[in-house]
Each structure stands twice: as C-alpha cells, then as structure tokens.
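First to last, the protein sequences are chains A and B.
In terms of our numbering, the first sequence has 165 at position 165, counting the first letter as 1, and numbering is strictly consecutive.
In terms of our numbering, the second sequence has 554 at position 16, counting the first letter as 1, and numbering is strictly consecutive.
Honestly, the hints are just simulated from the structure, not real lab data.
In this text, a Cβ means the ideal position worked out from N, Cα and C, and glycines have one as well.
It is possible that part of the hints are untrue.
Anything over 12 Å on all C-beta distances counts as not near chain A; from chain B, calculated [as the list claims (entries may be wrong)]: (1) E544; (2) E613; (3) H620; (4) D711; (5) E714.
A few chain A residues that face chain B, going by a derived Cβ cut-off under 10 Å, partial list only [unchecked claim]: (6) Q67; (7) V69; (8) P71; (9) A112; (10) A220; (11) A240; (12) D244; (13) L428.
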Amino acid sequence: MSAVVAEHDDHHDHHDHGPAKGLLRWIITTNHKDIGTLYLLFALAMFFVGGAMAMVIRAELFEPGMQFVNPQFFNSMTTMHALVMVFGAVMPAFVGLANWMIPMMIGAPDMALPRMNNMSFWLLVAGVLLLASTLFMEGGAPASGWTLYPPLVLQTGNALPFAIFSVHLLGISSIMGAINIVATIFNMRAPGMTLMKMPMFVWTWLITGFLLIAIMPVFAGAVTMLLTDKFFDTSFFDAAGGGDPVLYQHIFWFFGHPEVYVMILPTFGVASTIIPVFARKPLFGYSSMVYATASIAFLSFIVWAHHMFTVGMPIAGELYFMYATMLIAIPTGVKVFNWTATMWKGSMTFETPMLFSIAFVVLFTMGGFTGLMMSVAPVDFQYHDTYFIVAHFHYTLVPASVFILMAAGYFWLPKWTGHMYDERIGRLHFWLSVVSVNILFFPQHFLGLAGMPRRIPDYAVQFADWNMISSIGGFIFGASQLLFLYVVIKTINGGTGEKVTDEVWEDAAKHSLEWTLPSPPPYHSFTTPPTVIPTEHI
Amino acid sequence: MTESVERKNAKLIRILVFVVVGMFGFGYALVPIYDVLCEVTGLNGKVEASAVEDVGYDVDKNREVTVEFMTALNEATPMVFHSEMKKLKVHPGEYYTVNFYAENKTDKVMVARAIPSISPGAAAEFFKKTECFCFSEQTFQAQEGRTMPVRFVVNPDLPEKYKTITLAYTFFDITETSVKK
C-alpha cells in the first residue's frame, strides 16, 4: 500500500513549461502552429474519406445499371461526399493554413485568441464524427444532397437530428475560427504592417472571415427550422401548415452562395502568394486584387437565387439575378488577368507549387466560364440539376481549391518541416492529377448537356461511354493523391535530406515575412516584432 | 501594450458576436419577409387563405378564360380526391361553383387540409374565392366521403395575356399535428 503512495508522489516533481510532451500536447495545445498542423492533417484525412466516397459514386456510375450499392446508399454517398469535402476537407484546410501562416505573415507571435483556437478545432472534430456516425444509423445517412432541401430531407431516418446538430457544431467551429482570424489580423499586426501592405493571403482571409461570420448563423437558423418542422410541429417549410419549401431554398442559398466563396477566396489568396515568387516579379495590381476580392464578397450576398432559376420566379427576378451574377465575372476576370500579367515576362521556374498554381489559373477560368453560361437564366433551364452543374462546380473546387491546397502544401512544407520535399514525385503527382482531373470532369459537361441528371445511381445507356471515361479519370485522380500523402509523410520524416534555407525559394523573403524566420520556424513566431516589412508583393 | 491588445480583442469579439447573433435572427426574419414579398408580388401562386366579399363585377361575355382543376395527395395520404370536372371555360366577372369530392379511406377519423396553388402565379391575385373547403381544416369520419363546393370568380381586370388559369389543391393529412394541438 505504502509503495503505491510512494510511486504516486514521484510524479509530482514533473511540470511542463514548454509544449506538453506526448499525445497530450496535441489535445491541449494553444499554439498556432500545432493547431494549424492539426487542421491540415485532419483536412488531409477527410480529403481521403470524402475521396473514398467519390470512388464509390464513380464505381457505381462506371456502367449503367445497378452494380455495387443500393440507390439510397448512393444518394447518401453524394450527400456525405459533399458535406465531408466542404466542411471536413476544404474549409478546415484553409483554416489550417490561416493558423500556420497568418501570424507569421503579419509578424505576430501567435493567434489573438489561442484557447478559442483549440476549441474551434476540437468542435470541428466532434461535428465531423457526429456526421460520420449517421452512416451507421437506422435509415442511413442523409441522402437529400448537401443542400438538405425539405420536404425530402425530412424523410431522413434517425440520422436527421444528428446531421443537424453536426451542422450546428461545424458552424460554431467555423464562426469561432473566423472571429479568431479577424481579431488576429486587426489587432496583432507588427508595427508598420498596414492593411494595404498585408500579403494577399491575409487579405483574402480577412474578407472570408467576415463572410463566415455573416452566413454560418443563417445556415444554423435554416437547419434549426428543419429541426423544429420535423419534431416540434412548426411549419416553416411545410405547405400543410402554411409554410413553403421554396423559402428553405432562399435561406439556404443566401448562406450557400457566399459559402462557395469561402472556399475560393483563400484559394485566390494562396495563388496570389505563390505566382509572384516563381515569376520573380511583384504581384500585378495588388490593390485591384484587394478591391476585386471585396467586390466578389459583396456580390456573393445578392445573387443567391441564380441557384433557383427553375423554381418559379417573376421575369424581373430572373433578370435581376442573371445580371447580378454576370457582374461577378468582372472582379474575377480582374484577378485572372492580374495573375497572367504577373507571369508576363517574369523569370519563371516551374517547381511543383507553381505548376499547380498555373493549372489553377487555367482550369479555374474554365469553371468560371461554365458558371457564366449558367448565369444566363433561359439556358439554365437546360443545365439545371444535370451533370453540367456537377462539372462546373467540380472545376471550381477540385482543380482550383484542391490544386491550390496542394500547391500550398508543396510551397510551405519546407518552411514547416525544415526538409525539402521530393520534387520528382511532386511533379509526377502534378502531371497525373492535372491530366486525370480533366478526364474525370470534362466529359461530365457533355453528359449534362445531353441531359443526364445529377444524383442518380443509374442512367440511360446513351450516357455509358462518357461515364466510363469519367470514372477511369476518377480512379486515376484518386490513386494519384496517394503520392501526395507519400510526399507529406516523407518530407516530415526528413524529405530528400537536402538542407533548406530560411528563404527556401529564391528571394521569397522579399515577398512575405514567414521566409525571414528559420526553417522550421521557432515554436513562437515573432516574440519581438519584425523591423522590416517586405513590400515586393505590392 | 499587451493590455491594450487584450482590450481591443474583447471589443472586437463583442462586435462580431453581436453580428453572429444578429445574422441568426436575420435568418428567421427572412420568413416574414418572404411571406410579405410573396403576397405583394403574387409569387408562387400563393392565394388568400380566407373568403373574399361577394363583389358584383361587370361580366365580360366576350372573353373566355379556361380554368383547369388539379387535385393531388401529399405523400401517401390515404384519401380519394378529385374534382367533378377537369376544366371549365368561364367569363371574367361571373361566379361559378365547382364541386370537389374527397373521401377518407381509413377506419379512423382524419383531419386534412387542402393547400391551394394557382398558376401562373401572377394571375393569382385576379382569382377570387368566396367559398372554399381549403379555408379551414376538414375533419373526415372513418370512410366518410364528402362533396365540397368552391365558388369563385375571375376578376375582369385579369390581363389579356392570360388564357388559362390552373387551380391546384393538395390534401395533407394533418391528423397527428392537429391532435397534439
């Protein structure tokens, strides 16, 4: 008995002053780099989970007829794939980048609200686990599409309240993350780091933060209305009680349209960071980039009903939403031209981050053009809910947001780890990805124009050929991403063994502050504020 | 220095949390805003939920408008529901009565509610009903069938371009919710 007590006493002289040791460090950490790493690794894991769901979808669609899964599960897969990719992969990945990079880019020691930072990450994990748990419930996971339209979504089995609470948790997590980022950018900048000297990535996240703060509560309200309609006899969307399901679509897309810019604005920010470094030129039109980002964010709030051209709207409404939507092409065009002008006559080199960024500029522009096609209300009646829209938003998300996340990974991994990644595998990953992503999504334009509806497990035989090609592209794309996983693990464990400098990339320190720190940077970034603010990017 | 950053953070968080709460409220505010907009613009074919006064219009004998009648049951509502005619040519300004028949196919008392919709939506404000079974909940005894009239008039102010108006009813079984109330 006394021996046990003695042993217990031995532990008392052990107190931590630095980062906690072992696994506990990752649970209780309030350090922006640790939390950034957690976010990024979690997003990478979810990228493969959501990707596996996409593989199920493409396997089922490989041939006409029912092959592997039943229609209910197929629809669960399309729904869960979207929710996992949007809320589990792309958004957390950008929050992770924001955590890692923003304090280093603005010369701050850490985020403004470190403990809230920890909480928002673990709420995200709880939210995603809750969502994943619905896969094992009676009645299956939600199968109504990620938009959760009533009345269909109200037919979900036991999973409905869990899915709704999961959305609440993800929303709270995003809001807290956004408040933290906005507070960091407003209050933690080094002396001399004025707003118009901030790197573009910081600017785009500042605007994204405001978008999140404005829209996530609206989405939370919409799903709460679904919850009370189902369980507490309200009739927000129930026609029998005087409600209207179309109201849900309005509320959802008031959230949903800015939400897609939440995923693309930080993408723009990273692209505007990487391209000047490898073109060895300042970013062309820095201030126009800032204003274009702000314009896109503003316009995103007044165009939502272009998702609903076919539900019934007076002609004046169709015209207004059509023209307002077309307006977005102007600031977006400004950005594309600025990136092109940045590369113009630059001393370009084509390392993996730059390859992904150039592919982003080209392929995102294609996704933008199909968006412009669908903004034309009369022709949208043909495209609505077909594979054309699937092709459109995958072009703006996969070879845009996901490619830029890959680019960011290759760009900053040497800074984060202090090791160089394997350039040969990086380029192989790029070429496989860029070819297969087009084999995967380009035929879907043809399928959509020919009339193949989205969210169906089976289809008429005339769609067979392009679906098979699309599926083959999907399998190659999915498999290629394992190369990225390999590169990340290898780089963390020492990479090529090549010693990286503080700058990593030639003259990068002229563009942004993080390259003035050692690679890997110290646990606390700038304990004393930097004296020289780089202005090459302006 | 640190002190002032903390105070600035606290102030900013207060403002941002206020925005978050405000936007949550805004989501709910969209519900009445939507209803008002639909009423003003006649969107979605939403029609008055109560009877209108019997107004004497000048009957326009030279003009004919076709009124179509559609009946539907929500999900698997166990009812029979149809109208006595599929369509009717009417003169604007004249009152007509059309009978609808609904029958409860279960052995239990059923409370049901018919929700009307008019298309094209812009014509909804010119379609007036002085009597309709859709103005209130309908209680059906077990296996009870009932004929119910709808008395309506098309306002002669209806713009010339509308040749056909479709009146659609969907019956919803609301026994469960009305029992709870």
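Taking the hints in turn, this is what the structure says about them:
The Cβ of E544 of chain B sits about 9 Å from the closest Cβ of chain A, inside the 12 Å cut-off, so the non-interface label is violated. For E613 of chain B, the shortest C-beta to C-beta distance to chain A comes to about 8 Å, within the 12 Å cut-off, and the non-interface label is violated. Chain A leaves H620 of chain B outside its interface by the beta-carbon criterion, the shortest separation being 19 Å against a cut-off of 12 Å. A beta-carbon of chain A comes within 12 Å of the beta-carbon of D711 of chain B; the shortest separation is about 8 Å.
Once the 12 Å rule is applied to beta carbons, E714 of chain B is inconsistent with being away from chain A; the minimum gap is 9 Å. For Q67 of chain A, the interface hint is violated, the least distance from its beta-carbon to any beta-carbon of chain B being 30 Å, above 10 Å. The interface hint given for V69 of chain A is violated, since its Cβ lies 25 Å from the closest Cβ of chain B, which is over the 10 Å cut-off. Against a cut-off of 10 Å between C-beta atoms, the interface hint on P71 of chain A is violated, since the closest Cβ of chain B lies about 18 Å away.
Given hint, A112 of chain A at the interface with chain B, holds; its Cβ is 5 Å from that chain's nearest Cβ, closer than 10 Å. Among the interface hints, the one on A220 of chain A holds; its C-beta lies about 6 Å from the nearest C-beta in chain B, closer than the 10 Å criterion. Nearest Cβ of chain B to the Cβ of A240 of chain A: about 3 Å, under the 10 Å cut. The hint holds. Taken as an interface hint, D244 of chain A checks out: its beta carbon lies about 6 Å from the nearest beta carbon of chain B, inside 10 Å.
Against a cut-off of 10 Å between C-beta atoms, the interface hint on L428 of chain A is violated, since the closest Cβ of chain B lies about 44 Å away.
When held up to the earlier numbered hints, the structure conflicts with 1, 2, 4, 5, 6, 7, 8, 13 and fits the remainder.
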